[in-house]
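*Asks:* Chains as they are written, first to last, in our numbering: chain R, 1 to 342; chain L, 1 to 167.
These aren't lab readings, by the way, just hints derived from the structure by calculation.
Treat the numbers as computed from the prediction; the structure is a model and nothing was measured.
Note that beta-carbon positions come from the ideal geometry of N, C-alpha and C, so glycine has one too.
Errors might be hidden in some of the hints.
[As the list claims (entries may be wrong)] One side of the interface only, derived from the structure: several residues of chain L facing chain R at Cβ under 7 Å:
hint	residue
1	L91
2	I122
3	L127
4	V130
5	S133
[To be verified] Stretch-level coverage of chain R by chain L, calculated; a stretch enters the list once three of its residues show a Cβ under 8 Å from a Cβ in chain L:
hint	region
6	227 to 238
7	285 to 296
8	314 to 320
What follows is the residue order along each chain.
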Amino acid sequence: MMPSELVPVLDDVYCRPVHLVDFYVSSIGDRRHTATLVRVLTTLHPLGQYQHLKRVRAMKNKGVRILLCPAEPQQKAGEAQRDSDNSCAPACTTLTSLLKNTKLPASSLSKPYLVKVPRHPPATRKQYDEASLYWPVTFHEDKEISQLLSGEFFSAEEVQKIKSYLQEAETMATAAAQKGQEPVGIVIVDPERDRTIAKGHDLRQGKNPLHHAVMVGVDLVAKSQGGGMWTLTDSDFYVRPEEQMDSKGDVHRSSSTDVSSGKEKVGPYLCTAYDVYVTQEPCPMCCMALVHSRVGRVFYIKPHVDGGLGSRYKIHVQNGLNHHFSVFQWTGTWRHNNTDPT
Amino acid sequence: MGDHIKWMTKALDYADEALKKGEVPVGCIFVYEDEEIATGGNRVNETKNATSHAEIVAIEKVMNWCAENGHDQREVFRQVTLYVTVEPCILCAAALRQMSVPLVVYGCGNERFGGCGSILNIARDPLPSVGESFDIVKGVMAEEAVLLLKQFYKGENPHAPEDKRKS
Ligand SMILES: [Zn+2]
Ligand SMILES: [Zn+2]
Chain R
1 MMPSELVPVL DDVYCRPVHL VDFYVSSIGD RRHTATLVRV LTTLHPLGQY
51 QHLKRVRAMK NKGVRILLCP AEPQQKAGEA QRDSDNSCAP ACTTLTSLLK
101 NTKLPASSLS KPYLVKVPRH PPATRKQYDE ASLYWPVTFH EDKEISQLLS
151 GEFFSAEEVQ KIKSYLQEAE TMATAAAQKG QEPVGIVIVD PERDRTIAKG
201 HDLRQGKNPL HHAVMVGVDL VAKSQGGGMW TLTDSDFYVR PEEQMDSKGD
251 VHRSSSTDVS SGKEKVGPYL CTAYDVYVTQ EPCPMCCMAL VHSRVGRVFY
301 IKPHVDGGLG SRYKIHVQNG LNHHFSVFQW TGTWRHNNTD PT
Chain L
1 MGDHIKWMTK ALDYADEALK KGEVPVGCIF VYEDEEIATG GNRVNETKNA
51 TSHAEIVAIE KVMNWCAENG HDQREVFRQV TLYVTVEPCI LCAAALRQMS
101 VPLVVYGCGN ERFGGCGSIL NIARDPLPSV GESFDIVKGV MAEEAVLLLK
151 QFYKGENPHA PEDKRKS
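Go ahead and model the full structure; you've got the sequences and the hints to work with.
*Replies:* If you want it as structure tokens, here you go:
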């Protein structure tokens, strides 16, 4: 198995470095007071959006520090931001009421001072490890994400299958290049039954500049179901012949379609759960075509500067869109193959 | 503005036509030298292709019009104005930009798929390989466009499948 050959393209939440934010802390003179202070602070100054931060940090030989409040006050909905003059006034206020509520002497807590703490909850173990260097945080591991990042998401057999479909897409790209077209090839597969639904390549150098490989592929799939909006004839293309509706596939696909499409409307989402193998990262137009078509997974080889699946945008995980899909970039090399993708 | 109303009224007719065919009611018109040269309505169900949006349909008609009338397609697209009843989605915005359409006039916003600011701003973001950014005039006869969409989604909740999102 070559786990590193397939790199998942994940939401920025999983890839970003740890962002830091200033927090006021105070050192606890007597660590026996810790529990009381935490209890009172929890009601007095809840952590709000910073729930991932642990309230206290026990320092080796340096006593215990306790989080008071963020340097920038958290804005509550409908509340205008107070003008902060960079003083520790809010922290001092917190401290005073804390002492009052716990009835502890002023000497039990130090004057507030600033420390840098992780702004976001860690989404991966790597972020957790990095965040923990600054301040103790809680971490709820997403098993699927961890598996994706581990490089062991696909079995050796799956990797082999993905690779062979990508090689087919490469063959289509080569055919495109021979016709003076952009060398981008596409293969669309029904993974459940492991069969190819359509194969095609880019045609943008022809009559219609919108005939990018993905747009061509999506229309070829429509043709496989008796639809299609363009006349696309090329001897290298493949469209799975329309078959007797065994309804199994249709039921399977319609069940996951947009509820707003209502009854019987399987039509608009005919790529639902299909895998797309394309030799180049799709442009924003093509990415949105994949969203509208409700594809399941996309595998691509070459990144593109304005690409929408990792390079310029991450349309497959874009906030606000009602369909998301998985994306993997193939970073391996070909063997036993004369069509070098690079 | 008078021109905008005139053309948008016609675009709304095409949206209405799409609605009568059971398609999402979006209509559009390409105007070139103060003349309507192509129109489009959604054909998603008819073509079983989820990308058969009004704009994509009309873009191809502009190409056909150019071929029939002996015009250079590139030159024509650089001088057209698109009137569309709803903010173009990300797909269509990218397609329009690629065709070098300089101006898009639209009615209501598209909170679910909009590519002119609602979800992404394909109209203006720097995208060197996709072409020049384009200008927008929005809110022209928006209420009429919304009314048609509401008719389409009547009895259904158009927001049902949406993911939670920050507005
Ligand atoms: Zn494209
Ligand atoms: Zn669209």
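*Asks:* Each of the hints needs a verdict: does it hold here or not?
*Replies:* A quick look at each hint next to the structure:
no.: 1; hint: L91; result: 4 Å, holds
no.: 2; hint: I122; result: 6 Å, holds
no.: 3; hint: L127; result: 5 Å, holds
no.: 4; hint: V130; result: 6 Å, holds
no.: 5; hint: S133; result: 13 Å, violated
no.: 6; hint: 227 to 238; result: holds (count 4)
no.: 7; hint: 285 to 296; result: holds (count 8)
no.: 8; hint: 314 to 320; result: holds (count 4)
Hint 5 from the list above is the single one not met by this structure.
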